[in-house]
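Take the given structure of chain A and dock chain B to it, following the hints.
Chains A and B supply the protein sequences, listed in that same order. For the first sequence, position 588 (counting from the first letter as 1) is numbered 573 according to this note's numbering, and the numbering increases by one without interruption. For the second sequence, position 103 (counting from the first letter as 1) is numbered 190 according to this note's numbering, and the numbering increases by one without interruption.
The hints are simulated quantities; they were obtained by calculation from the structure and are not laboratory data. For clarity, every value in this text was computed on a predicted model and none was experimentally measured. You can take every hint at face value.
Between beta-carbon pairs, the in silico distance windows are:
id, chain 1, residue 1, chain 2, residue 2, range
1, A, GLU254, B, ALA165, 29 to 39 Å
2, A, ASP336, B, THR299, 36 to 46 Å
3, B, LEU275, A, GLY519, 31 to 41 Å
4, A, GLY388, B, VAL237, 50 to 60 Å
5, B, VAL237, A, GLY434, 39 to 49 Å
6, B, THR299, A, LEU101, 35 to 45 Å
7, B, LEU92, A, ALA387, 53 to 63 Å
8, B, TYR200, A, GLN464, 49 to 59 Å
9, A, ARG89, B, ASP349, 25 to 35 Å
10, B, VAL344, A, ASP336, 43 to 53 Å
11, A, LEU101, B, ALA203, 33 to 43 Å
12, B, ARG248, A, ALA223, 38 to 48 Å
13, A, ARG165, B, THR299, 13 to 23 Å
14, A, GLY388, B, VAL251, 46 to 56 Å
Computed footprint of chain A on chain B, listed as stretches where at least three residues anywhere in the stretch have a Cβ under 8 Å from a Cβ of chain A:
id, stretch
15, 172 to 179
16, 185 to 197
17, 308 to 322
18, 355 to 368
Some chain B residues judged to face chain A by a derived CB distance under 10 Å, without partners named:
id, residue
19, ILE123
20, PHE125
21, MET182
22, TYR200
23, ALA203
24, PRO304
25, SER305
26, ASP352
Using N, Cα and C, we set each Cβ at its ideal position, and we do this for glycine too.
Take a look at the letters that make up each chain.
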Amino acid sequence: MTGPARRALPEAAGRLVQRLVPDVAAASLLFAAVAAVGFVYVASVGDTASERLFTSLLINATVVVGMQIFIGNTGILSFGHIGFGAVAGYAFVLFAIDTDRKARLVPDAPFGLVDLTVHPAAAIGAAVVLTVAVAAVVGLGLVRSAAASGAIAPTVITLSLLFATFELAVNWTDLTGGNRAGLSFRPGTAMAGRGYAYLAFALTLLVAGLYRRSRSARLARAVREDGVAARSLGIHPATHQMWALLLSVAVVAIGASLRVWLTGTISPERFFIDYTLLTITMLVVGGRNSITGAALGTVVITVLTESARVVSGPDVDPGPFDLILRPGLSDLVLGASMLGFMVLRPRGLLDDWELADWLGPRLSKWRPLRGDPAAAPGEEVPVVPRPGHTPDRPAGARLAAAGVTVDFGGLRGLDNAHILAGSGRVVGLIGPNGAGKTTMLNAITGVVGAQGRISLEGDDIAGLPPHRLARRGLARTFQNLRLFEALSVRENVEVAALVGTRSARRAEQTAAELLGLCGIADIAEVRARALDYGASKRLELARAAAQAPGFLLLDEPTSGFSELESVIIVDQIRRIADVLGCGVVVIDHDLAFITNLCDRVYCLDQGSVIAVGSPAEIRTHPAVRAAYLGG
Amino acid sequence: MMVELIQQLIDGLGLGSEYALLALGIGLTFGVMRMINFAHGELITVSAYVAYGLTLIGLDWWMLVPVIVATSIATSVALELVAFRWVRGASDFAMLLMSFGVHFVVQAGFVMYVSASARAFDRPGWINNTVSVGGVRVEVVDVAVIVVTVATLLGTLAILRRTVYGMAIRAAAEDFDTAQLLGVRSNLVIRSAFALAGLLAGVAAVLLLMRTGRAAPSAGLIPMLKGVLAALIGGLGRLQGAVVGGLVLGVVEVQLVSRLPDEVDGMVNGIVFVLIALLFIFRPAGMLRTAAAERV
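So that you can see chain A by itself, here it is in the shape it has in the complex (with noise of 0.2 Å):
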């Protein structure tokens, strides 16, 4: 397409055909290289055995990748995508096979199967929608015990329904043949449709690669690196993970169609745990997070598996290595480089370096519109943040809680406890260790359970879960850091703005504008965890500001910091809060740092207010002296 042409299509059309550049060349680069690795090999070997085993690799990456679209965005590691691959490949071969055969092997089949027969094309269809309905409702499940327990209890939950399908597999022989014989085409069909494995691996990466972008990945990946920070920023794991789930479950459906399409036959073994672990030791060792690793895993492996299958095949003579050559060696390679790979490189060879990522800023170059998208002229940017979930937020907007009481166990964290804060105005809350500041801050944000009265311009917002809260208004940072750490600076501050809004743009335009307000617009593309300890705190400020709060909570900004740290942040904490006109509730033991921010001051001791008052009257309240001094 050439320059006027692109111009002339509408503004934001162009934008999004430049924005999908990178994904879609990255995906036809990687699809030409593997297809290129396959045609070379296949020609220089130029047997049956040598194409059966390049589209074998095309349908095993079909897989992977599509097992990366969950474990990769969402961190759950799953050991069922596999189990869903079964329920693919049988619905597959009982649509597909003809009905001879099927009165044949399976004559009780139940549901009318036995009459029934379509093309396979379609019976890959149809495999998808049976899969993804039972993923959904896996799915409900799955994601609800990830939001309470992180990555555990769906790793459980997911090998044990590898078990149970297999099972059921095994058992429900009416329907699958059982483990014996299974379900097989008629022979001499079998790479049929090799070509579906080319057009299904080719899409996969564009699907994937697409999806990856997409907001809803993005925040998917903000709940993987910190679940807690993700809810306090409005975002709802499930629905991500969700989806996540489904796109995933789809794919691998696909693939597992395709293989049994392929080899012409299943039987329950042929989805279990050995297959599982072949997928899941392509992924780890390509790299989990990274759809680039997925393909390059499952190449890297299946040169070497094969080549230890090979060597210690019948028609290689061991030798002297006769301990070490024989049968199963294969298997001892693949475990051997899962073990391997998580000693060393526990990442995998790419870590979440991405095709498209590398690619994207050469490709700008060469682009017909030039530079950034966002500065076009002509063109109004918004100086404030403000992604527009609460825009008509009152003037007088006000933040109160009384009479909020929370228990540990025996303890009394709060005791009858009440703030009130307005938008415009910076609140302190200040006291001794241990007197319930943050405890205060947790209950106000449904971190943790409290009784009492807790309002949000006059809605009782008590008992509303994390992420509700910060749709409402209400963004907070936490007192030990809690980053996305394996995200850069920029796109931590991208996924708080990306909850409030579906613009990516507007995002970005948020994101690059709290950087700068923040003081950290230099090292915008620097991972979280790589930060020191000042700019993570910074960055906290800004993800906390890009949520465009109504009331921006914040649980000691200074702690750690110099003194002329502590007057910089300050001077940021006032700017931001003029900027999104939002109030602000900050805890802090420095009664200086108080003194110079807060127009308001609550002391907390034992759980109780003890002294509420402008910064000069507490600063000479007896008991706050006595809270402090002991005395």
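Frame of chain A; chain B shown alone:
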């Protein structure tokens, strides 16, 4: 009816005892490493092949017992030395996959150097004997299993409560970092935990192999899975919970076998796995535990 129920209960506790022994071992190693050991079943696999080898040369079952237990302990400590120590403190992901990988390496080893197919060996002669107590027909082996398990668990409890090692393990299970800061030696604690887990798995292996008389490269897979599930049912890291989880799993399984119609007999494991999946959906932290609040 009553008699039948008691009989099933005894069967269930017998089966559950084996799970409890495995679950406790998995709980112990989880406590000190925060790793779910998917390779715990390899202790049974290795023990099975040792039993197979020793019966081949005509050793009596009574002689096998100490050898099996010793093998299991040695294997457990050896796996820690060659494999698990390298992923200490790594991510959950790396540790889970590490143990998963160990399982496959051991399995491949047996395929390469023994055989891919299962090997049978003689079971003790008294294995099918029963005694009748007040109308309840009780298999001797069930009684033996329950007695041995109770003794082993009490012994383990004594070690954990009365010895310095035990205290160190318990402290580390609560909070490994703090325990280390207080001067608990991490190598010693972790290895003690693995040794103890090996001992428990060794006892479980003896009880299991007496019944099955079978060695196969994947012999440990299902027992491992049941042990892991039992530990999770009881709430990971809670040692008593692991025991309760094992017993509950055993009793439920035996109930299912006796209640389900014959056509779906083969599905018992499948149904158990689905039930467990359901349990974790509604109680992600296990049956007993109320989720601990995370400090933020």
